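2 protein chains.
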Amino acid sequence: MTEYRAPTREMAFTLQQVAGFSEMSKACGYEDASDDVVAAILEEAARFAGSVIAPTNESGDKTGVRLDGEHRVATPAGFREAYQQYAESGWASLQFDPAYGGQGLPFSLAIPVQEMWHAANMAWGLCPLLSQGAVEALSENASDDLRQLLLPKMISGEWTGTMNLTEPQSGSDLSGIRTQARPDGDIYRIKGQKIFITWGEHDMAENIIHLVLARLPDAPPGVKGISLFAVPKYLPDANGDPGQRNDCKAVSLEHKLGIHASPTCVMSYGDNEGAIGYLVGEENRGLACMFTMMNNARLTVGLQGVAISERAYQQARAYTFERTQGTAPGEQGVSPIIRHPDVRRMMMTMKTLTEAARTLAYTGCVAVDYANARELPDDIRNRFKRRADLLTPLVKGWCTEIAQEVTSLAIQCHGGMGFIEETGVAQHYRDARILPIYEGTNGIQAMDLIGRKTIRDQGKAMAELIGDMRPYTGQQQTNTLLTAERQARFDQAVAFLEDATRMVLEHGDDEQFSGAVAFNYLMLSSTVTAAWLMVKAAGAAAPGSESQDAFARSRLATTNFFIDHILPRSSGHLTSLRAGDDAIMALPEDEF
Amino acid sequence: MTEYRAPTREMAFTLQQVAGFSEMSKACGYEDASDDVVAAILEEAARFAGSVIAPTNESGDKTGVRLDGEHRVATPAGFREAYQQYAESGWASLQFDPAYGGQGLPFSLAIPVQEMWHAANMAWGLCPLLSQGAVEALSENASDDLRQLLLPKMISGEWTGTMNLTEPQSGSDLSGIRTQARPDGDIYRIKGQKIFITWGEHDMAENIIHLVLARLPDAPPGVKGISLFAVPKYLPDANGDPGQRNDCKAVSLEHKLGIHASPTCVMSYGDNEGAIGYLVGEENRGLACMFTMMNNARLTVGLQGVAISERAYQQARAYTFERTQGTAPGEQGVSPIIRHPDVRRMMMTMKTLTEAARTLAYTGCVAVDYANARELPDDIRNRFKRRADLLTPLVKGWCTEIAQEVTSLAIQCHGGMGFIEETGVAQHYRDARILPIYEGTNGIQAMDLIGRKTIRDQGKAMAELIGDMRPYTGQQQTNTLLTAERQARFDQAVAFLEDATRMVLEHGDDEQFSGAVAFNYLMLSSTVTAAWLMVKAAGAAAPGSESQDAFARSRLATTNFFIDHILPRSSGHLTSLRAGDDAIMALPEDEF
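Chains Y and G, in that order, give the protein sequences. Okay, so the first sequence: first residue is 36 according to the working numbering, each after it adds one. Okay, so the second sequence: first residue is 36 according to the working numbering, each after it adds one.
To be clear, the hints were calculated from the coordinates, so they are not data collected in a lab. There may be inaccurate statements among the hints.
Identical copies carry no separate label here, and so any pair may be met within one copy or between two of them.
Computed list of lysine to aspartate or glutamate pairs in DMTMM-like fashion (alpha-carbon distance at most 20 Å, straight line) [said to hold, decoys possible]:
#, residue 1, residue 2
1, Lys61, Glu457
2, Lys97, Glu457
3, Lys259, Asp71
4, Lys97, Glu456
5, Lys420, Asp544
6, Lys495, Glu533
7, Lys284, Asp238
8, Lys61, Asp544
9, Lys495, Asp208
10, Lys259, Glu58
11, Lys97, Glu116
12, Lys495, Glu175
13, Lys495, Glu440
14, Lys420, Glu79
15, Lys61, Glu520
Nothing here was measured: the structure is a model prediction, and the numbers come from that model.
Taking the hints into account, I'd like the entire structure generated from these sequences.
As structure tokens, this is what we get:
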């Protein structure tokens, strides 16, 4: 069985000194979230993740989940116990409103903690992930009564939540949703089928609140006619406890490439009298409500990419230090394979990409806290809102793409053993493959970045981001951390991003061009942003005379590696982007 | 169930007009391999692959293989029947010596045929792949008697062959092999354990000839003390039929990420009196003998990369033309997703990479035929020998790396459905993951390219390769197929390869530098070589006035796509290579 030890020092450093948590908590009234508190929370979470959750990962993958004849889902051994302990220890409530039993800590402080759950067991971690999204959607959109009815139990973790969007004919494009909602007094009757519902049914908690997109009888067509409903598995009784069983159930589970222990359900609503649903927000405004939930879920799916990369890296580290084979340059006798330069290249790639993805993900999440801080002036909040919106597709897109690379390299470092399921490293690779797909495929993220986040605001948010990079370019940089060559490479990459953005804006009216270059633009902007954050981190780790510290040297080493071996990819993305849509669209359909 | 239809026109074109098969068959005495014969063979193989082998692929993956208490392996339904038909139809003997029942056709003509087997069912195709390697090793190295004893049944396909190198402590580095061979009259007694033995035991053929690396009692240490032995499962009797059971058996099977239907065996030799083995070649020269086998096996593993890419592409093509979602630019109503530019980008990437990998693999194999043609003058044969040796790591390395990308994109094109095992596309992704690992990891291929194939001959073979590219650069090119911009990009990439080679040679004595840059050098040289072959193909498809032909336009479109969207990666590889080993080796071990 493979172990997981959360890199708490690096997490705290990234959160506080790179992503800006320390300033944010001062500026936004989170004085309680002191360094000591952060450290204590991370250490305790690390202990829980490593000792309680992580041991369920491999066995959960092997056992998988089963649906019985009564539409019940049995989860693998240890899952329910881990979940109960998680809820009882208060982990579910960290960042939520004290009015409903939450602990009122920043969203971004919950992020390293959640990273640990996903690294420990990604399939298990999806249940809290979806529940938290449901809490966010209800907190922002539901009526007071509905919040009182549902939030305390969800925030405590006693109940979990789900997100019901997809139907067989309607996935990336939600305009085709057909599930019906018929008004019936104060409530609505829901009828329809939803697919790909993560943790749609399980035995870990006593109730499940499904958030379901559906159409009212007279709703306008398309996405403007979709409403959001909360559909409890058990209707709360007069005491707020689970009462009558609602008319909804899981009718089958998918057999998947990975996350075997996470039940992906086909959900059927209203086979009999119609499932009782409560309207969330206004009629026909369901998509907007769902987006509150989806945006943060996109950030946390990006975070899953960081998490699974960290887990895979740790497993490869253990193996490459232990396995001996051949003689490394300058050595005698057999060497641990970590000493062979090509293995070292793979390990450095894994470590560096994981660190860089972490800086990106945490930075996006700190921006969310700023954007939500009611005490801040509007212009500052709006600026951070733009930043969070801009970074969301980068975090979701890039952190999940690098997870493919990192988990694949982890297999490669194992040689033939990597292909054997018992080794355990193949599971991370299989699990990770869902990440570029769910919560909006990375193609959708790319369209979101180029359309809503860049062209629609005429590049304002991107210009602000590039503006924040500029103090780290050679012209303005006064420290000498980077060699001249590396500094020049970084400066050039920032210029690439400016060039690309200009080109994207120039072709803003050309949907085909935008669609064709979107993915390269997403990869380019993410790579450059991650490079900037790595440079920032190297500087933060080496303030003045402390630069001989081992941690500071390590951060500089990975930053140099990023600039030498990851950042050069940006040149390829720019060249492809410059080539536009020509070669992409030239081949007639019948020549495929 | 997904279908497979071999792209016979493209295969014939690539073989004959790009890889040089037509000239080769004239120059090397294969006049019988006329265009008509090639076409007939490919069509018949396509029919067999599509109708007999392909239908066993998904069910084989689900069933997998089982070892019973008697050390017998049961293969999935249909496997044995397909194999019997394969052997009876003469597919096993295409390229082998008529003196032992072969058909005497060129090795490279068997390549598109084998591509079809692997595309139809990669797990099944491994059995013929290994058998052919064993035939090659015996043909080149065994005594006349041993050849007479074994080759006719192996070439007919009645018996299969395996390759026994790896032991638990000895994988990439074979110097640690411990299996013992004790002389006993005319034969040897083999004792030891081998792991990762593909098709080491099965029920598809009546006998299996294991080629086993082992040490004689007084052998020198390291790779200079390894000998090669043929160890039949059943010892041939006086009539040459399978007789007495030998003292060797499969003791367990691995549970793997992919190729579930291919039995990967732990083989035990000599649990009792010692397995009877026949020496192949000279004592202590086993590694050289095994290399004859391994070199061609490396080419055919690269070919598997082409094959699985083609299969995944075909499945994504079917889905993206059928699945509708959203409205594509310039359309009304819902569109098939192939019309969305980002999906088109993925499909073009898949198609282009697969085509390009095919040109590279076939070209490597035609070079092998030239190198083996005894009627050619030595200098020509040697030149092609150098070429084949140089291209082998490129074919194995690059074609298996792109297979990861293509099979992953095939999943991505399917959205959520791609992650569901029943869709079938995830199988290709799982199956493909072994390719960068077996027959020498791609890290080993990179070391082979930079060490044995570049530094050792002081860049001669690489200079010849670059020399062959030069007529396609702008200075010498007279046709106007490419736009000036694309021509310039191609020219620049050729210059990158020259630069990189110069740098590699300059640091030829620095093992650490070579090891650190090897993988980037492998990817750079492969990408540039593939670009050259694509440009060559576009020209070959459009001779003069025929350029309005749909096939010619298609080839130009994929060539343009390669230059715009794949070739730009070479710039990143060069930048990383220029950065040398510095950032790769800088982090101290205790900072990982």
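A quick look at each hint next to the structure:
1. Taking the closest pair of Cα atoms, lysine 61 and glutamate 457 never come within 20 Å of each other, the shortest separation being 48 Å inside a single copy and 52 Å across copies.
2. Within a single copy, lysine 97 and glutamate 457 get their C-alpha atoms as close as 10 Å, and across copies as close as 18 Å, so both meet the 20 Å cut-off.
3. Neither within a single protomer nor between protomers do lysine 259 and aspartate 71 lie at most 20 Å apart by alpha-carbon distance, with minima of 47 Å and 61 Å respectively.
4. For the homomeric pair lysine 97 and glutamate 456, the shortest alpha-carbon distances inside one copy (10 Å) and between copies (15 Å) are both at most 20 Å.
5. When the C-alpha separation of lysine 420 and aspartate 544 is checked against a cutoff of 20 Å, the pair qualifies neither within a copy, at 25 Å, nor between copies, at 55 Å.
6. When the C-alpha separation of lysine 495 and glutamate 533 is checked against a cutoff of 20 Å, the pair qualifies only within one copy, where the shortest distance is 12 Å, while the shortest distance between copies is 42 Å.
7. Only within a single protomer do lysine 284 and aspartate 238 lie at most 20 Å apart by alpha-carbon distance; the minimum there is 13 Å, versus 46 Å between protomers.
8. With identical chains, the CA atoms of lysine 61 and aspartate 544 are never at most 20 Å apart, being 42 Å at best within one copy and 56 Å at best between copies.
9. Taking the shortest Cα distances, lysine 495 and aspartate 208 never come within 20 Å of each other, neither inside one copy (27 Å) nor across copies (55 Å).
10. Within a single copy, lysine 259 and glutamate 58 get their C-alpha atoms no closer than 40 Å, and across copies no closer than 64 Å, so neither meets the 20 Å cut-off.
11. Proximity of lysine 97 and glutamate 116 under a CA criterion of 20 Å is satisfied intra-copy only: 18 Å inside one chain copy versus 32 Å between copies.
12. For the identical chains of this complex, lysine 495 and glutamate 175 are neighbours neither inside a copy (27 Å) nor across copies (69 Å), given an alpha-carbon limit of 20 Å.
13. In this assembly of identical chains, lysine 495 and glutamate 440 lie within 20 Å of each other by CA distance neither inside one copy nor across copies; the values are 32 Å within and 34 Å between.
14. Proximity of lysine 420 to glutamate 79 under the C-alpha cut-off of 20 Å is found in neither arrangement, the shortest distances being 31 Å within a copy and 62 Å between copies.
15. Taking the shortest alpha-carbon separations for lysine 61 and glutamate 520, neither the intra-copy value of 37 Å nor the inter-copy value of 53 Å comes in at or below 20 Å.
This entry does not satisfy hints 1, 3, 5, 8, 9, 10, 12, 13, 14, 15, going by the numbered hints stated previously.
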